[in-house]
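Start from the sequences, fold in the hints, and give me the full structure.
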Amino acid sequence: MATKANIEEHKNVWVFAEQNNGKLAKVSLEMLGEGRKLANKLGVELAAFLIGDNVKTSAETLIAYGADKVFLAEDPELKEYRTELYTEIICKKAIEEKPEILIIGASAIGRDLTPRISFRLNTGCTADCTELDIDEEKRLLVSTRPAFGGNVMATIICPEHRPQMSTVRPGVMAVPEADASRKGEIINVPVEIKPENIKVRVIESNEKEHEGDKIEDAEKVVGIGIGASDPESVEYVKELAKVLGAKIGGSRPCVEKHIIPHEVQVGQTGKNIRPELYIPCGISGTVQHTTGITNAKYTIAINKDPNAEIFKFANLGIAGDAKVILPAIIKEIKKYKA
Amino acid sequence: MKIIVTIKQVPNVTKVKWDADGSLIRAGLPTIINPVDKHAIEAALELKEKHGGEVVVISMGPGQVESALREALCMGADQAIQLTDRKFAGADTWATSYALGCAIKKIGDYDLVISGVEAMDGNTAQVGPQMAEFLGIPLLSYALGIESDGKKVQIQQKLGDFERKIEADFPALITVEKEINEYRVTPMDKILEAFEKEIPVWEADDVDADIVHLGLKGSPTKLRKVFSPKIEKGKVQMLEGTPEEIARQVADKLNEKFLI
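Residue numbers (the numbering used here), protein chains in the order written: chain A, 1 to 338; chain B, 1 to 260.
Keep in mind that the hints were calculated from the coordinates and are not lab data. Note that this is a predicted model, so its numbers are computed, not measured. All C-beta atoms, glycine included, are put in the ideal place defined by N, C-alpha and C. Among these hints, one or two may not hold up.
[Unchecked claim] Computed cross-link-like contacts, PhoX-like style, restricted to lysine-lysine with a CA-CA straight-line distance of at most 20 Å:
no., chain 1, residue 1, chain 2, residue 2
1, A, Lys183, A, Lys79
2, A, Lys312, A, Lys297
3, B, Lys253, A, Lys199
4, B, Lys165, A, Lys26
5, A, Lys69, A, Lys37
6, A, Lys4, A, Lys69
7, A, Lys312, B, Lys253
8, B, Lys151, A, Lys331
9, B, Lys253, A, Lys79
10, B, Lys165, A, Lys208
11, A, Lys199, B, Lys165
12, B, Lys151, A, Lys79
13, A, Lys214, B, Lys158
14, A, Lys199, B, Lys151
15, A, Lys69, A, Lys56
[To be verified] To be clear about the criterion: a stretch of chain B counts as covered by chain A if any three or more of its residues have a C-beta under 8 Å from a C-beta of chain A, and this derived list gives those stretches:
no., region
16, 139-145
17, 198-211
As structure tokens, this is what we get:
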């Protein structure tokens, strides 16, 4: 149970490297970039933990993206993700190697796997962080995440248990530059899977089809909020997105009202976006939403309320009604393109 | 089939208000059953209707959690158990999972544990997986559908970009997504019946929990501070003029930044 760790024995930063059908998850590269920063601050090594079947080429990629070491666990039984098999392999090695930090991308797999690891290792895990840092004096991982339904931010530490674990939502951290000349060590982790330990059977696995880019990868996003959720405004939002070549995202209330699907919800319980251009229309700017847009490069906010929080996140602000402003903007953009 | 459903009573965080200083007002927020947990109750009731058995709902929290459990009984749960003890207070997900896990063990002899994927206030999605680990049973997460033959269970799993069908023998723990079902409206006779049922209150000793793992003290994670996000004020340039004038400025800016 949650007995305290002998903290001095624990060293190094680990990142779980997620792969699906042999393809590394982008969020794992983002985590390597962040893990590298944490490891440098602590003056320790960064290791990636890669699990799958025949995925060794990805181990080289992880080194190029910043890992000093890659723990590689391969077995045909590991082709499909399964919570308990992954947990067993990572925990066994973590007990031997004693990392001080383990960070994991908060993808669907990451959010399924991480809590089970943290419980087995008797340690805490801070979920869905938006910022990670090191308290250098105390040598602690300091994790910041939205709390209370995304209405405030909370800073959380795990002072007496190791490894300190955190997950970070996809899109929050930047993917670092790859350097193919980086050298690193690949360590094969022996895997022994007994048939009686296979508790979950994967009957079927299908990748969902996407319509074009995902919102988190989109270069331009037009956001739709409750203030622009009337049918007329929605049509203008669609037209603006079309002339800009932008994806449409939006706030949680618009998902609840079925104006947009959950896949394009932006914010704490949705996606984090990092577009070149973001145009939130009728979005007031609760923390729930704004945690997902802090990486937008250029933001033009439209809202009826001149004091709306969203303007604090914007470069250009327009205090006005979306259904009046949007048609004028669409017209002007069309002129430029003509 | 014996199914235990774990539910959480949460403040309705979509109704948050702020005081003049910009601080969050926590007091007076209405409390509700965490919305996705109602889908967990519904999923359990549907399984029971198909296969027979019973549905036991448990919740940890202060005394007022009784109202959430009463609502679960109204939906049709057979039994409700309330976990209330000051020793449970201040628990993080680890200590919460431990306490709920102890209660589930105490109830015993279950085939399935079902919970919502995550709570709307904390949004960690950790307690389901952590309870599964404590209980040493398989986790079937993100369920969009559940099928069972009475011995094993199969779910349709929404795993990010993948949709999978996965299966495990009893006992297992399932976390459900809100898309899994539409939960029922309580019929009047059930309401009356539900208000006659007794809800036992269990304390830490009743579930044989080790006090060192409970509440704030038993929590590996510690809250350092809570704050409203810092924002660079005054960065925004507010556009003035008629809609046409504003639109022209916007288009000029987009052009200058090579965005059109």
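Each hint tested on the structure:
Restraint check: the Cα-Cα separation between lysine 183(A) and lysine 79(A) comes to about 27 Å, which exceeds 20 Å; the hinted pair is violated. Our distance criterion of 20 Å between C-alpha atoms is met by lysine 312(A) and lysine 297(A), whose separation comes to about 14 Å. Our distance criterion of 20 Å between C-alpha atoms is broken by lysine 253(B) and lysine 199(A), whose separation comes to about 58 Å. A hinted pair counts as satisfied when its Cα atoms are at most 20 Å apart, and lysine 165(B) with lysine 26(A) does not qualify at roughly 24 Å.
Taken as a hint, the lysine 69(A) and lysine 37(A) pair is honoured in the structure, with Cα atoms around 15 Å apart against an allowance of 20 Å. Note on lysine 4(A) and lysine 69(A): the hinted pairing is violated, with a Cα-Cα distance of about 27 Å set against a maximum of 20 Å. The straight-line distance between the Cα atoms of lysine 312(A) and lysine 253(B) is roughly 19 Å, inside the 20 Å bound, and the hint therefore holds. For the proposed pair lysine 151(B) and lysine 331(A), the alpha carbon gap of about 63 Å is over 20 Å, so the pair is violated.
Using a Cα cut-off of 20 Å, the hinted pair lysine 253(B) and lysine 79(A) is violated, with the two alpha carbons roughly 49 Å apart. For the suggested pair lysine 165(B) and lysine 208(A), the alpha carbons sit about 13 Å apart, so the restraint of at most 20 Å is met. Among the hinted pairs, lysine 199(A) with lysine 165(B) is consistent with the structure: their alpha-carbon atoms are about 14 Å apart, no more than 20 Å. Restraint check for lysine 151(B) and lysine 79(A): the C-alpha separation of about 26 Å exceeds 20 Å, so the hint is violated.
Distance hint between lysine 214(A) and lysine 158(B) is fulfilled; the C-alpha atoms sit about 17 Å from each other, no more than 20 Å. Between lysine 199(A) and lysine 151(B) the alpha-carbon distance is near 14 Å, which keeps this suggested pair within the 20 Å criterion. At most 20 Å may separate the alpha-carbon atoms for a hinted pair to count; lysine 69(A) and lysine 56(A) meet this at roughly 13 Å. Requiring three or more residues with a Cβ within less than 8 Å of a Cβ of chain A, the coverage given for the region 139-145 of chain B holds, as 4 such residues are present.
Remark: the region 198-211 of chain B is not confirmed as covered by chain A, as 1 of its residues place a Cβ nearer than 8 Å to a Cβ of that chain, below the required three.
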